[in-house]
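Enquirer: Taking the hints into account, I'd like the entire structure generated from these sequences.
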Amino acid sequence: MARPVSRLALEGVRKRFGETTALDGVDLEARDGELLVVVGPSGCGKSTLLRCVAGLEAVDAGTIRIGERDVTAVRPAERNVSMVFQSYALFPHLTVRENIAFGLVVREEPKTVVRERVAEASKLVGVEELLERRPYELSGGERQRVALGRALVRRPDAFLLDEPLSNLDAGTRVQMRTELRRLHREIGSTMVHVTHDQVEALTLGDRIAVLDAGRVRQVGTPDEVYSEPADLFVARFLGTPAMNVLASEAARPFLEIPAGTLVGIRPEHVRLAGEGVPARVDLVEVAGSDAYVFLDSDLVARVASDARPSEGAEVRVAFDRKGLHLFHEASGRRVPGP
Amino acid sequence: MRAGERRWGGWRQPAGIAVTVAFLLPLWFMLSGSLREPGQPPPRAPELIPRPLSVTSYDRAFDLVDLGLHTVNSLLVAAVTVPIAVLVASLAGFAFLLVAGRARAILVGLSFAALMIPITALLVPRFTMFRWLGLIDTWVPLIAPALLGLSPFYVLLFYWSFRRLPPELLEAARLEGMSPFSMWRRVAMPLVRPVTIAIALLAFIASWGNFIEPLIYLFDPDLYTLPLGLRSLETLDRTNYPVLLAGAVVATVPVVLAFAIAQRYFLHEDRGAGWLGR
Chain A
38 MARPVSRLAL
48 EGVRKRFGET
58 TALDGVDLEA
68 RDGELLVVVG
78 PSGCGKSTLL
88 RCVAGLEAVD
98 AGTIRIGERD
108 VTAVRPAERN
118 VSMVFQSYAL
128 FPHLTVRENI
138 AFGLVVREEP
148 KTVVRERVAE
158 ASKLVGVEEL
168 LERRPYELSG
178 GERQRVALGR
188 ALVRRPDAFL
198 LDEPLSNLDA
208 GTRVQMRTEL
218 RRLHREIGST
228 MVHVTHDQVE
238 ALTLGDRIAV
248 LDAGRVRQVG
258 TPDEVYSEPA
268 DLFVARFLGT
278 PAMNVLASEA
288 ARPFLEIPAG
298 TLVGIRPEHV
308 RLAGEGVPAR
318 VDLVEVAGSD
328 AYVFLDSDLV
338 ARVASDARPS
348 EGAEVRVAFD
358 RKGLHLFHEA
368 SGRRVPGP
Chain B
827 MRAGERRWGG
837 WRQPAGIAVT
847 VAFLLPLWFM
857 LSGSLREPGQ
867 PPPRAPELIP
877 RPLSVTSYDR
887 AFDLVDLGLH
897 TVNSLLVAAV
907 TVPIAVLVAS
917 LAGFAFLLVA
927 GRARAILVGL
937 SFAALMIPIT
947 ALLVPRFTMF
957 RWLGLIDTWV
967 PLIAPALLGL
977 SPFYVLLFYW
987 SFRRLPPELL
997 EAARLEGMSP
1007 FSMWRRVAMP
1017 LVRPVTIAIA
1027 LLAFIASWGN
1037 FIEPLIYLFD
1047 PDLYTLPLGL
1057 RSLETLDRTN
1067 YPVLLAGAVV
1077 ATVPVVLAFA
1087 IAQRYFLHED
1097 RGAGWLGR
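So the protein sequences, as listed, match chains A and B.
Here the first sequence is numbered in the working numbering, starting from 38 and rising by one per residue.
Here the second sequence is numbered in the working numbering, starting from 827 and rising by one per residue.
Hint data in this document are derived by calculation from the structure and do not stem from the laboratory.
For glycine and all other residues, C-beta sits at the position ideal for the given N, C-alpha and C.
Possibly wrong hints are sitting among the right ones.
[As the list claims (entries may be wrong)] In silico negatives: residues of chain A with every beta carbon more than 10 Å from chain B:
id : residue
1  : K148
2  : D243
3  : R252
4  : A355
5  : D357
6  : V372
[As the list claims (entries may be wrong)] Ranges of calculated distance between the beta carbons of each label pair, as one might list FRET restraints:
id : chain 1 : residue 1 : chain 2 : residue 2 : range
7  : A       : E174      : B       : V845      : 32 to 38 Å
8  : A       : L320      : B       : R1019     : 51 to 57 Å
9  : A       : A250      : B       : P1006     : 33 to 39 Å
10 : A       : A110      : B       : G935      : 30 to 36 Å
11 : B       : P1016     : A       : D243      : 38 to 44 Å
Expert: The following block contains the structure:
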C-alpha cells in the first residue's frame, strides 16, 4: 500500500490549562517515515502534545507543521492525521466494517473506494474475519487492530498513537508491539507514538523523545538515550531498575569524581566481583534470566539469575568504568567523561 | 454474592411484589369497575370481579362523548409533540455538551432555574401570548412547548446522557471531519437510544395526560383531546361511574401499550461489558 510520508514538526509549542503548564516551549520533529516515541511519566504533557498536533487542543504559542504546511490554526479534519486513542474510541453501535470505513464515509468517498480500502486496511491489521462484529464482541487486542485499521484506511499524512497498548494485558501488549513495528515498516508513514512505558519506547521507536513537565529532555535513538542520557531525569527514567546515582562522598570508595557532580551507573554495570568494595546483600529479586541485587550501600546490581548471591551474603562491588555517567549536581545535565 | 446483595436479596422479591400490587390494584379496580353494569348502585366494598360482567359502559361512554374523535385528537397532538420535543431536547442537550466550561455551567444552571418555575405560573402569560397571536382554539398552544424541548428536565437528561459518552468518541468523529450536527445524529443519538426512548415515553405521557392546557386553550369540542372528553363523563351520577371508568380505560390503554412496546428498549438494553469501550 503506497503511503504519503510526511515530516511533522513542533516549534516552540506552549499550552497552558489555567495555572498548569502542559507544554513549555516544545521543539520536536518526527522525520519522514519515522516512528517517534514520546515517553514520559504521567502528567508530563505527552497526550496534550499529541492532541495539539491533532488539533483537538489549540496551542497558546508556537507552530505545528505537517509536511511543509503550517497547520497550527487548521481544523482537525483538515490536518490529515489519524489518531488511535488509548480507549480505541471505536463506535460501539457500528460494526467493525463500518468503524473502519467511518472516515471515508464521512468524506463521502465512492462506495467502491470504501470497499477496496476497507478490505485493504482490514487485511493489513488482520481483522478480515471480524468485519461484521461489533466492538463489544471483540477482545482488547482485536479492538486495537480495528482502531489501527480505522486510522490506516484514510491514508493520512501522519499517525498519532496515544498510549494504544496500555489497556492490553502483558502478553497481548508484547504481541501488538511487534505488530505495530511490522505495520510501520510496511506502510512507512510518519508515526508519533506516546507512552509512559519505557520498555515500549525503547523497543518500538526509531527515535525517542523524553518529555518531563512539558519540556523535551532528550531526543535520540533508543541506544543514544539509554547509553548517553542528557540529564539525570532521562538517566533515571529509562532503565529497570533505575540507574544508581551517587554523590561524590558516597562514590569515593569506588572512584573520585569532581566536586559538584554526581556519578550514575546502570545496574548492569555494577559488578559483584572477587575484588572491590565490601557490601552486604539486602534483597534479591529474580526476574527470569536476570536478578536484581539490592545492596546495603544503596546500590542495585543486575546479574545473571543463575549467578545471583543469596540475601545477607557479603560481596565485593566494583564499577564497570565504561558504564559511568557524570552529571552536574545543580543542573542535572550530563558532563562529558569521566 | 456480595454482602449487600445477601442482606437485601431475601427482601427483594416480596418488596417487588408489594410495589407491583400497589401500582396494579388501582388499575385493576378501574378495569373491573368499567366492566360493571351501569345504572346500578355502587358496591359497598371493593369488588375485584363484578357480577355480572358487562361491556355496556363502554358503549355508553362512546355514545355520550365522542371518545373516538378525542382519542384521535390526542394521538395527533402527541404524534407532533413527542418527536419535536425529543428532537429539540436532544439537540439542546448536545449543544450543552459542546459549549465550553463556564457557559455550559450557566446553561445548566438556567435549565435548573427554569425547572423550578411551576407550570401554573406560566398559564396566564402563555394564554395572553397565544391569544395575542390568535392561536386560541387551535392545537398550536399544546404543541408549541415542544419547540423548547417540552421541559428543561428532558434537556438536562439528554445532556447527562451525552456527558457519559467517552469524549474520545466525539473527538474521533471530529478528526474525521464530522460537523456537530452529524456527530449528534450519527454518533451521539445512536448511543443514547434507551434514554431517547424513555424521554419519548415521558413526553408522550405528558402530552396524553395534559388536561389543564386543553381546558384553557380549546373551546371547539371537535378539537378536544381525551382528558377533556373524560371530564364530560365526570358529570354523570354515581350509578354511572362504570361509564367514567370505561372512558378511563380507553385513555389508559395507549399509555400502557406505549410503555409495553418501549420498555424492552430501555429496561433490557444489555450489550455486555465494554459497550462504550470502557
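Enquirer: Against the range 51 to 57 Å, how does the distance between the Cβ atoms of A:L320 and B:R1019 compare: consistent or not?
Expert: 56 Å, holds
Enquirer: Checking a non-interface call: every C-beta of chain B should be farther than 10 Å from the C-beta of A:V372. Is that right?
Expert: 44 Å, holds
Enquirer: Is A:D357 truly not at the interface, in the sense that its beta carbon sits beyond 10 Å from all beta carbons of chain B?
Expert: 46 Å, holds
Enquirer: Taking 10 Å as the cut and beta carbons as the points, is A:R252 off the interface with chain B?
Expert: The claim holds: A:R252 sits with its nearest Cβ about 25 Å from chain B, beyond 10 Å.
Enquirer: Over 10 Å from every CB of chain B: does A:K148 meet that, or does the non-interface label fail?
Expert: Non-interface label on A:K148 holds, nearest chain B Cβ at 17 Å vs cutoff 10 Å.
Enquirer: Minimum Cβ separation between A:D243 and chain B greater than 10 Å?
Expert: 24 Å, holds
Enquirer: Regarding the assertion that A:A355 does not contact chain B, is the least Cβ-Cβ distance greater than 10 Å?
Expert: 51 Å, holds
Enquirer: Given a hint of 30 to 36 Å, does the C-beta separation of A:A110 and B:G935 actually sit inside it?
Expert: Once the Cβ atoms are compared, 33 Å apart, the range 30 to 36 Å for B:G935 and A:A110 holds.
Enquirer: Can you tell me whether the CB distance of B:P1016 to A:D243 sits inside 38 to 44 Å?
Expert: 40 Å, holds
Enquirer: The hint says 32 to 38 Å between A:E174 and B:V845; measuring C-beta to C-beta, is that right?
Expert: Given about 36 Å between the Cβ atoms, the range holds.
Enquirer: Is 33 to 39 Å a correct range for the gap between the Cβ atoms of A:A250 and B:P1006?
Expert: 35 Å, holds
The earlier numbered hints are all upheld by this structure, with none contradicted.
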